[in-house]
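Chemist: For the sequence shown, full-length UniProt numbering begins at 1 and goes up steadily by one.
Keep in mind that the hints were calculated from the coordinates and are not lab data.
Certain hints may be false.
Unchecked claim - Below, simulated DSBU-like cross-link-like pairs (lysine-lysine); rule was C-alpha separation at most 30 Å, straight line:
#  : residue 1 : residue 2
1  : K51       : K70
2  : K51       : K94
3  : K51       : K173
4  : K173      : K70
5  : K94       : K123
6  : K94       : K173
7  : K51       : K123
8  : K94       : K70
9  : K123      : K173
10 : K70       : K123
Stated by the list, open to error - Now the in silico label distances, taken between C-beta atoms and shown as ranges:
#  : residue 1 : residue 2 : range
11 : N161      : E73       : 15 to 25 Å
12 : P61       : E130      : 15 to 25 Å
13 : T69       : T146      : 33 to 43 Å
14 : L55       : S139      : 15 to 25 Å
The beta-carbon is built from N, C-alpha and C at its ideal position, and this holds for glycine as well.
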Amino acid sequence: MSFLCIALGVLIVKLYPCTAPTDRKFGPKNIDGDLRSSTIVGLNPVCNETKNPGLCTGYFPRYYFNNVTKTCEQFIYGGCWGNGNNFHTLEECKDACSAYLTQSSHKIVRDFEVPLLALALPKVCTYPPETGPCEAAMSRYYYNTTTETCEVFTYGGCHGNGNRFRTYSDCEKKCMTLVTVIPRA
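Whenever a hint applies, use it, and build me the whole structure from the sequences.
Modeler: What follows is the structure, given as structure tokens:
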């Protein structure tokens, strides 16, 4: 069985034959090269996380994706900790969880059936690292769109933006694990 691989840029999706062991496999390719029996579905794990206001007592209106109602809803974030399901704007929430919101919208891309926006990088992953005005000097991770990897930066402990993750794994889940292939029945 051979595979095609996928390269994700900020706005570019490229399909190419897999060559390196670290290539991201796109899906099984049968003998005649037809992948139309599979559908790409966006997976953003943070959209499954529950609302988490964090441990601090600040008052920051934010949005989270409610996995029960399948909508983005407002909540009050305390300013620290919490989880990745925490967006500054309604638009950011919809961008990050759009595959859940628009699974019935499809377009054709090189003969592959793809849910609209499922391959787009969540908007928060495009923000530059932002230390913020506080001086706590905490190591955090951000997604670097140039290198297409998660990298360490120093976070001051307050404010900043959504491109800030406690662990490399959290960053990877939000910004690097965007698609999977689910064979049709």
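Chemist: Return the numbers of the hints above that this structure violates; sort them in rising order.
Modeler: none
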